[in-house]
Amino acid sequence: MPKISIQHVGKVFGEGSHRVEALKDVSLDIADNEFVTFVGASGCGKSTLLRIIGGLEYHTSGEVLANGQPVAGPGADRAMVFQHYSLYPWLKVMENIKFSRRLKHGREDITSAEVEAASGRADALLSLMGLNAAANAYPNQLSGGMQQRVAIARALMGRPEILLMDEPFGALDAQTREVMHDLILHVHKLEKPTLAFVTHDVEEAIYLADRVVLMAPRPGRIDTIYEVPLPAEREQDMKHTPEFLRLKKEILARIRETSGMKTDQGMLDQLNMEAAS
Amino acid sequence: MPSRPGMWAIRGPLSRNQYWLFAALGLLAPLALWWLVSSSALVDKVFLPGPVDVFNRLVTWYMDDDLTSDIGISVYRVTAGFALSAIIALPLGLMIGTFRPVQAMLEPLTDFIRYMPAVAFIPLVMLWVGIEESSKISIIFIGTFFQMVLMMAEDVRRVPLAQIEAAQTMGATRGESVRLVIFQSAKPALLDTLRVTMGWAWTYLVVAELVAANSGLGYSILKAQRFLQTDKIFVGILLIGLIGLVMDQLFRLAHRKAFPWLHLRS
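Chains as they are written, first to last, in our numbering: chain A, 1 to 277; chain B, 278 to 543.
Errors might be hidden in some of the hints.
Quick list of in silico lysine to aspartate or glutamate cross-link-like pairs, DMTMM-like style, CA-CA up to 25 Å [to be verified]:
#1 A/Lys-104 to B/Glu-453
#2 B/Lys-464 to A/Glu-95
#3 B/Lys-464 to B/Glu-409
#4 A/Lys-92 to B/Glu-453
#5 A/Lys-3 to A/Asp-25
#6 B/Lys-534 to A/Glu-95
#7 A/Lys-92 to B/Asp-341
Computed far set for chain A versus chain B, every beta-carbon distance over 12 Å [stated by the list, open to error]:
#8 Gly-62
#9 Gly-144
#10 Glu-233
#11 Asp-269
Please keep in mind that the hints were generated in silico from the structure rather than gathered at the bench. Beta carbons are placed, not taken as given, at the ideal position from N, Cα and C, and that holds for glycine.
If we strip away everything but chain A, and leave its shape as in the complex, we get (with noise of 0.2 Å):
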């Protein structure tokens, strides 16, 4: 069975004059474990479909299944990472990694033992995070990497086990990125995920992914999918040898042509030779 099972799903925003279809018609299956990436030009409706699955936007088509289950609305079992503003700035970074334990659902049917492996765990993450120094620091005064570990964190308090992140790292500068990734990927890696990774950057996508699913849009809907050649284990330098670059051009050139650019282009030709005339 699969993890996420996204069955002919449409989303239409608006209504009459003002409708917009940000999806169409899109499935897809992603397994138990897997890590899936999706790219594509802006307007493609990515972002969305992660929220869909999250179930912090509904589907006006369709079906989404996580678990076996139909989605909803949002749970405990689908976290979600955000590019920015989500942490709480009243809390330090402990308090923001444990903020779960806050909430009912956190606390149901909790023996002493629980609370104490729940601790453990925190204290876990921190480590694994590498945040051990900014324990009791507020999130404004950590730099905007660190914040992102302390959010991953925090989703991963819970033991979700389906992950999902939107742009997570898209604020970040470039160098703070790779290490990201890495983190990331150790974190796939130990704490097995299934996790579904919405971004800008083909690069990032390849590097991180067992799959990148292109979308495009107008309607918003998915272009093509791409297996990734690269060995499961990742390195850096696998970002230049032959295979990814020469899959990161095709994936490129892909979202040009889905983007409507050329359109674009056209009536720029056209404008020039009006006034060439």
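With chain A held as given, fit chain B onto it using these hints.
Here is chain B on its own, set in the frame of chain A:
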């Protein structure tokens, strides 16, 4: 050698000592000007009493006319009207900022009422509430409540969606999202709103004490007007300003104490 930009550079630096120098200048210059104009023969004392007259009046008011109880009753009225506003506005603002149907139902109505002049409610308040203490408190309530609700609703709406959604994907219920995320996240802004509206509550004091009062700072100002005691009017106005300033600073202090994470970086 590169030189440090001067204080007159655009958004240039200002040392602590320079800051205090200019702050003192800003306070003392008007005082000096006031003293100068009033001590010259240009204006009559009835129109502009000098700083010394005003100070003397302050002393006699305190010694002979029970200034302390005037201040006490005014502080009580403002605080009571303000507290009543806050207690009702807080849950309403939270609901308006969180649930769209509540917003649709209450926001246009509140927007409408807030443009009605609080002063014009005086006859109605006298008719409905009477001329007791509660009528003064009601006027201050009317003057602050509607603005306060709208500002608090806006504070709540400014809570980043990602903070709320993150909680939802950790399994938070609707109640938990409101209590543990939205309210906590909006708290600093809400306290700031209280600080600002506290200032407005003070501006309604004189209006409130138009209603059958026989004590209070606002009342004293109005009475002094009748007897052309310009120096007493000055004392009253300055005292209201001073009390407002102190309260403002107390709110700022509370903000720093309650929300240390907002004041970490200098």
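Hints and how they fare:
As the CA atoms of A/Lys-104 and B/Glu-453 are separated by approximately 8 Å, the hinted pair is consistent with the 25 Å bound. With a C-alpha separation of about 18 Å, the suggested pair B/Lys-464 and A/Glu-95 falls inside the 25 Å cut-off, and the hint holds. At most 25 Å may separate the alpha-carbon atoms for a hinted pair to count; B/Lys-464 and B/Glu-409 exceed this at roughly 34 Å. With a C-alpha separation of about 19 Å, the suggested pairing of A/Lys-92 with B/Glu-453 holds against the 25 Å cut-off.
A hinted pair counts as satisfied when its Cα atoms are at most 25 Å apart, and A/Lys-3 with A/Asp-25 qualifies at roughly 19 Å. Using a Cα cut-off of 25 Å, the hinted pair B/Lys-534 and A/Glu-95 holds, with the two alpha carbons roughly 19 Å apart. For the suggested pair A/Lys-92 and B/Asp-341, the alpha carbons sit about 55 Å apart, so the restraint of at most 25 Å is broken. The claim that A/Gly-62 lies off the interface holds: its Cβ sits roughly 21 Å from the closest Cβ of chain B, which is beyond the 12 Å cut-off.
For A/Gly-144, the requirement that its beta carbon stay farther than 12 Å from each beta carbon of chain B is met, with the minimum near 14 Å. For A/Glu-233, the condition that its CB be more than 12 Å from all CB atoms of chain B holds, with the nearest at approximately 29 Å. No Cβ of chain B approaches the Cβ of A/Asp-269 within 12 Å, the least distance being about 41 Å, so the stated non-interface status holds.
When each numbered hint is compared with the structure, violations occur for hints 3, 7.
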